Amino acid sequence: NAGVTQTPKFRILKIGQSMTLQCAQDMNHNYMYWYRQDPGMGLKLIYYSVGAGITDKGEVPNGYNVSRSTTEDFPLRLELAAPSQTSVYFCASSLTRLGTDTQYFGPGTRLTVL
Amino acid sequence: TQLLEQSPQFLSIQEGENLTVYCNSSSVFSSLQWYRQEPGEGPVLLVTVVTGGEVKKLKRLTFQFGDARKDSSLHITAAQPGDTGLYLCAAYDYKLSFGAGTTVTVRA
Numbered sequence: 001n002a003g004v005t006q007t008p009k010f011r012i013l014k015i016g017q018s019m020t021l022q023c024a025q026d027m028n029h030n031y032m033y034w035y036r037q038d039p040g041m042g043l044k045l046i047y048y049s050v051g052a053g054i055t056d057k058g059e060v061p062n063g064y065n066v067s068r069s070t071t072e073d074f075p076l077r078l079e080l081a082a083p084s085q086t087s088v089y090f091c092a093s094s095l096t097r098l099g100t101d102t103q104y105f106g107p108g109t110r111l112t113v114l
Numbered sequence: 001t002q003l004l005e006q007s008p009q010f011l012s013i014q015e016g017e018n019l020t021v022y023c024n025s026s027s028v029f030s031s032l033q034w035y036r037q038e039p040g041e042g043p044v045l046l047v048t049v050v051t052g053g054e055v056k057k058l059k060r061l062t063f064q065f066g067d068a069r070k071d072s073s074l075h076i077t078a079a080q081p082g083d084t085g086l087y088l089c090a091a092y093d094y095k096l097s098f099g100a101g102t103t104v105t106v107r108a
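Protein chains in written order, with this note's numbering: chain A, 1 to 114; chain B, 1 to 108.
Warning: the hint list may mix true and false statements.
Pulled from the structure, derived: some chain B residues nowhere near chain A, Cβ distances all over 12 Å [what the hints assert, rightly or not]:
| # | residue |
| --- | --- |
| 1 | P43 |
| 2 | L45 |
| 3 | A68 |
| 4 | L88 |
| 5 | A91 |
Calculated lysine-lysine pairs in the DSSO-like style (CA-CA distance at most 30 Å, straight line) [stated by the list, open to error]:
| # | chain 1 | residue 1 | chain 2 | residue 2 |
| --- | --- | --- | --- | --- |
| 6 | A | K44 | A | K14 |
| 7 | A | K14 | A | K57 |
| 8 | B | K56 | A | K57 |
| 9 | B | K57 | A | K57 |
Don't read these hints as lab results, they were simulated from the structure. Just so you know, these numbers come straight off a predicted model, no measurement behind them. All residues carry an ideal CB built from backbone N, CA and C; glycine is no exception.
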């Protein structure tokens with residue numbers, strides 16, 4: 001199993017550009033998540049999904065959109081990139097939403113907006 | 001939103017020394033998790049604790065959940081350079097909330 005995969009690994013955007021961060025998992029997990037990680041701030045939840053066709057906002061959803069058309073894929077769309085969106089983005093998945101369950105993380109996408 | 005406070009923020013020690021990092025909150029948790037994140041990688045789960053007073057050991061790592069289930073600690077005995085990384089605690093509300101982490105550097 002590849003686990004959770006993310007592409008690209010690195011990206012530089014200009015202000016106002018758009019892009020899609022790709023995330024896929026091969027563990028047949030219903031639950032998928034997008035986080036951003038800023039230095040000294042921990043991980044903040046952007047959006048999550050409880051299954052194909054169902055998504056919901058997390059703590060910091062502004063400036064982002066998601067879709068979940070299949071169990072495997074959960075892309076994150078940035079519209080009109082801003083310098084405040086410079087961060088490292090992690091996708092994760094889990095079998096359940098229980099606090100005792102493991103979240104499996106991808107390797108991350110480092111995004112810089114100039 | 002529960003706030004998880006981790007201390008210290010940074011810790012640099014020599015190989016062979018012991019270290020302890022802390023995770024505290026004013027909220028009571030039903031469970032708490034510890035993750036380790038290496039540079040350029042995503043976090044990886046180390047342990048989940050669920051019972052107040054619980055102690056779990058993972059080789060040289062000892063995890064303790066406070067009796068009141070509001071705090072937790074991670075103790076590493078005889079640290080090695082391979083223990084270098086960012087240690088994150090996380091607790092579940094309607095979502096998994098993470099502390100800001102403790103960056104541990106073990107010098108050879």
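Note to self: Between the alpha carbons of K14(A) and K57(A), is the straight-line distance 30 Å or under?
What the structure shows: Distance of about 25 Å is within 30 Å: holds.
Next item on the list: Find the nearest Cβ of chain A to the Cβ of L88(B) and say whether that gap is larger than 12 Å.
Entry: Given that some Cβ of chain A is not farther than 12 Å from that of L88(B), nearest at about 7 Å, it is violated.
Next item on the list: Over 12 Å to the closest beta carbon of chain A is the bar; see if P43(B) clears it.
Entry: violated (5 Å)
Next item on the list: Over 12 Å to the closest beta carbon of chain A is the bar; see if A68(B) clears it.
Entry: holds (17 Å)
Next item on the list: Starting from K44(A), check that the Cα of K14(A) is at most 30 Å away, please.
Entry: Holds. K44(A) to K14(A) sits at ~23 Å (cutoff 30 Å).
Checklist line | Beyond 12 Å from every chain A Cβ - status for L45(B) | finding: violated (5 Å)
Check: Given the proposed pairing of K56(B) with K57(A), does the C-alpha separation stay at or below 30 Å?
Finding: Violated: K56(B) and K57(A) sit about 34 Å apart, past 30 Å.
Note to self: K57(B) and K57(A) were given as a pair; does the straight-line alpha-carbon distance stay at or below 30 Å?
What the structure shows: violated (36 Å)
Check: Can we confirm that no CB of chain A comes within 12 Å of the CB of A91(B)?
Finding: Given a closest Cβ separation of 7 Å, the condition is violated.
In the structure shown, a violation is registered for the earlier hints numbered 1, 2, 4, 5, 8 and 9, in ascending order.
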